[in-house]
Amino acid sequence: MKRSTAVFLQGLVIENPLAIIMIGLCSALAVTTSVANGIGMSLAMTFVIVASEFIISLFRKLIPESVRIPIFIIIIAAFTTMVDLVMKAYFPELSKAMGVFIPLIVVNCIIMGRVEAFASKESVPHAVLDALGMGLGYTWVLIGMSVVRELLGNGTILGIQVLPETYQPILFFVLPPGGFLVFALFISLNLFLKKKWLESPLGCPDPEGGK
Amino acid sequence: MIKSMFRLGIVLALFASGACVALAVVYNITGPVIKTQEERALNAALKDIFPESDGFSDITKELSSSDPKIQILSAYAMTKGGSLVGVAIKATGPSYSSNAILLSGINMDGTIKQVRVLQISDTPGLGANAANPGYYVDKAKKITFIGQFEGKKVTDPFRVKEDVQAITASTITSRSLTAIVKVSAEAASAYISRKGGAK
Chain A
18 MKRSTAVFLQ GLVIENPLAI IMIGLCSALA VTTSVANGIG MSLAMTFVIV
68 ASEFIISLFR KLIPESVRIP IFIIIIAAFT TMVDLVMKAY FPELSKAMGV
118 FIPLIVVNCI IMGRVEAFAS KESVPHAVLD ALGMGLGYTW VLIGMSVVRE
168 LLGNGTILGI QVLPETYQPI LFFVLPPGGF LVFALFISLN LFLKKKWLES
218 PLGCPDPEGG K
Chain B
21 MIKSMFRLGI VLALFASGAC VALAVVYNIT GPVIKTQEER ALNAALKDIF
71 PESDGFSDIT KELSSSDPKI QILSAYAMTK GGSLVGVAIK ATGPSYSSNA
121 ILLSGINMDG TIKQVRVLQI SDTPGLGANA ANPGYYVDKA KKITFIGQFE
171 GKKVTDPFRV KEDVQAITAS TITSRSLTAI VKVSAEAASA YISRKGGAK
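Chain order of the listed sequences is A and B. First residue of the first sequence: 18, per our numbering; consecutive thereafter. First residue of the second sequence: 21, per our numbering; consecutive thereafter.
Please keep in mind that the hints were generated in silico from the structure rather than gathered at the bench. Note that beta-carbon positions come from the ideal geometry of N, C-alpha and C, so glycine has one too. Treat the hints with caution; some may be incorrect.
[As the list claims (entries may be wrong)] Heads up, incomplete: computed chain A residues facing chain B, CB under 8 Å, no partners named:
#1 S83
#2 V84
#3 P87
#4 I88
#5 A95
#6 M99
#7 L102
#8 K105
#9 K113
#10 V117
#11 P120
#12 L180
#13 T183
#14 I187
#15 V191
[Said to hold, decoys possible] A few chain B residues that don't get close to chain A, going by computed Cβ distances all over 12 Å:
#16 V53
#17 K100
#18 V157
#19 K161
#20 E182
Given only the sequences and the hints, what does the whole structure look like? Please build it.
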């Protein structure tokens, strides 16, 4: 398999940022109480990680080693603020629902982690592919979790009543402990997928230098 | 050593300025849109609470909050043909995760006309249900959390779990929002009675 394909596929399952690397969990558990929030958060986060990895990889030779962390934070914070402003202007409802979690993308460990471990050392196309893979890996887990939590905890999906009116919502799933339970289930699901993936002919050996 | 510090400082400053320029561009594009969005939301909310009124004037400076934690952001005297028909107050106070903003309309007779949640960032599915039109504290009568304030007298005690029904598992949100409504209603009825309305 070509290295670029491997780099992209890494983030989906084998090195899923949430279920395998297990970083950026706080906001993931907090926003997955409704599907709309899950979609909004994953889009915002994917945009910020792609843009940040792109810019940082582009300027990686100009960033001095000793001040790289402040520079990473400036770049990530700038993109996060842009997302926040754009959402406030064009999607006020979503922005209201997401509250404080959009500004908190700045300190999302996934972005910091990938920028530090990958984008600062790799070429632009690989950095963007890595960001897309990580972003999509984050997205499917986040949306999956929010579907389960909103469906069981509120009987709805995207605010539309799916289960019959007589269904008594299990509030537990919307509360933080329910978040942990659902997250644990997604970790197991992801481990299962990873095992299948590595056994299948598609299974890519860990691309060295993939980190 | 000094030289390298200087160099690092310049590099950092360059990156920061680059980010600033990019942000300034985005801010200039989105700023006016955000402002009109907010204005439109406020106008729509005022019109929604007092559909019969045909004008309003800003009376923010004439009101004061009785609770140091709760702040009156703006207040409007709603008029119809020049005479006062009620007062709308936008007030903010601390809630579970951060400040919540409510818009309350108060009638001339000192009852609450309607309450709207303009901003709340409490837990989705719990405290945020205060703003959910499909979440009922009284399922049988289909009354929402803020809907229960309709027609309530300013002189009522406003105690959560006594005369105010709480949102399930969100006592803090319920208490904070109730306090904001109470302070707004008191300030509004003080203004109304100063203007010669009913007690």
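Do the hints match the structure? See the list:
1. About 6 Å separates the beta-carbon of S83(A) from the nearest beta-carbon of chain B, less than 8 Å, and the hint is met.
2. Hint status for V84(A): holds, given a least beta-carbon distance of 5 Å to chain B, under 8 Å.
3. This hint holds: P87(A) has a C-beta 6 Å from the nearest C-beta of chain B, less than the 8 Å allowed.
4. For I88(A), the shortest C-beta to C-beta distance to chain B is roughly 5 Å, which falls under 8 Å, so the interface hint holds.
5. About 4 Å separates the beta-carbon of A95(A) from the nearest beta-carbon of chain B, less than 8 Å, and the hint is met.
6. Here the hint on M99(A) is kept, as its CB sits about 5 Å from the closest CB of chain B, short of 8 Å.
7. The closest approach between the C-beta of L102(A) and any C-beta of chain B is roughly 4 Å, which is under the 8 Å cut-off, so the hint is satisfied.
8. Taking 8 Å as the C-beta cut-off, the interface hint given for K105(A) holds, the closest approach to chain B being about 5 Å.
9. Of the supplied interface hints, the one on K113(A) holds, with its beta-carbon coming within about 6 Å of a beta-carbon of chain B, less than 8 Å.
10. With a least beta-carbon distance of about 6 Å to chain B, the hint placing V117(A) at the interface is held under the 8 Å criterion.
11. For P120(A), the suggested interface contact is broken, since its CB lies about 11 Å from the closest CB of chain B, more than 8 Å.
12. Interface hint at L180(A): violated, since its Cβ lies 14 Å from the closest Cβ of chain B, which is beyond the 8 Å cut-off.
13. Because the smallest distance between the Cβ of T183(A) and any Cβ of chain B comes to about 12 Å, over 8 Å, the interface hint for this residue is violated.
14. For the restraint placing I187(A) at the interface with chain B, the shortest Cβ-Cβ distance is roughly 11 Å, beyond the 8 Å limit, so the hint is violated.
15. About 4 Å separates the beta-carbon of V191(A) from the nearest beta-carbon of chain B, less than 8 Å, and the hint is met.
16. For V53(B), the shortest C-beta to C-beta distance to chain A comes to about 4 Å, within the 12 Å cut-off, and the non-interface label is violated.
17. Chain A leaves K100(B) outside its interface by the beta-carbon criterion, the shortest separation being 29 Å against a cut-off of 12 Å.
18. Even its closest Cβ contact with chain A, about 14 Å, leaves V157(B) beyond 12 Å, as expected for a residue assigned away from the interface.
19. Under the 12 Å C-beta cut-off, the non-interface status given to K161(B) relative to chain A holds; the minimum distance is some 16 Å.
20. At the 12 Å boundary, the C-beta of E182(B) stays outside the reach of chain A, the nearest C-beta of that chain being 23 Å off.
When each numbered hint is compared with the structure, violations occur for hints 11, 12, 13, 14, 16.
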